[in-house]
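Full structure from sequences and hints, please.
These protein sequence lines map, in sequence, to chains A and B.
Here this note's numbering is used: position 101 in the first sequence is 101, and no number is missing along the way.
Remember, this note's numbering sits 1000 above the position in the second sequence when you count from 1.
One thing to keep in mind: the hints can contain errors.
Computed list of lysine to aspartate or glutamate pairs in EDC-like fashion (alpha-carbon distance at most 16 Å, straight line) [claimed, not checked]: (1) B:Lys1103 <-> A:Asp85; (2) B:Lys1068 <-> B:Asp1057; (3) A:Lys102 <-> B:Glu1044; (4) A:Lys102 <-> B:Asp1030; (5) A:Lys102 <-> B:Asp1056; (6) A:Lys102 <-> B:Asp1057; (7) A:Lys49 <-> B:Glu1104.
Pair by pair, the computed Cβ-Cβ distance ranges are [claimed, not checked]: (8) A:Glu16 <-> B:Glu1018: 44 to 52 Å; (9) B:Lys1103 <-> A:Val11: 28 to 36 Å; (10) A:Ala17 <-> B:Gly1003: 27 to 35 Å.
No lab work stands behind these hints, which were simulated from the structure alone.
A virtual CB, placed ideally from N, CA and C, is assigned to each residue, including glycine.
This is what each chain is made of:
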Amino acid sequence: AQSVTQLDSQVPVFEEAPVELRCNYSSSVSVYLFWYVQYPNQGLQLLLKYLSGSTLVKGINGFEAEFNKSQTSFHLRKPSVHISDTAEYFCAVSDQDGATNKLIFGTGTLLAVQP
Amino acid sequence: DAGVIQSPRHEVTEMGQEVTLRCKPISGHDYLFWYRQTMMRGLELLIYFNNNVPIDDSGMPEDRFSAKMPNASFSTLKIQPSEPRDSAVYFCASSPPPGTTGKETQYFGPGTRLLVL
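In structure tokens form, the structure reads like this:
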């Protein structure tokens, strides 16, 4: 069985500062990894995903994430945040070899960008 | 493509009433997922379909919940009778078939915000 842990429920940060949102996963098989973003009163939108290859993945809105297999982590980073980045961020994992596209989500991290 | 479409966007009902939530997946997608999001429990997978067939309904809370997918372009999630604890945001998502680009990615609808009084 797979699981995802997002240790930080909320991350306050000032505008233009860098930010890192942490994600650790547990799985006995190879996985795909995802970050989704949910803006207030909206659905989830794919931010970026790791399937294979380069461990550094770049996504939309200047975000990037690095897959670290030895530490079973997939932390999300942005060098300089904007007020508009205020949202809930969800890390998710799926089984690479599974017969389905079932995702396991973390509990989410609220990124609160302050002026 | 218009993306995943859900209706209604908001629903307010009284305890005991039947509630039906609707979802139209992205054309060509053969996986459809229903999720529930609450502050207490986060994002929960309720049920998912492949080619209109329910594959895993282990997340459905109880017999009051039922879901159907009569064809590739329409699915419903029904709650009968509804209770205040069912108040949540319900999301529908779809994903492409195996062997296609983006097959591993789920695309979410805007959600239905349900309030049961």
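Hints violated by the structure (numbers, ascending): 1
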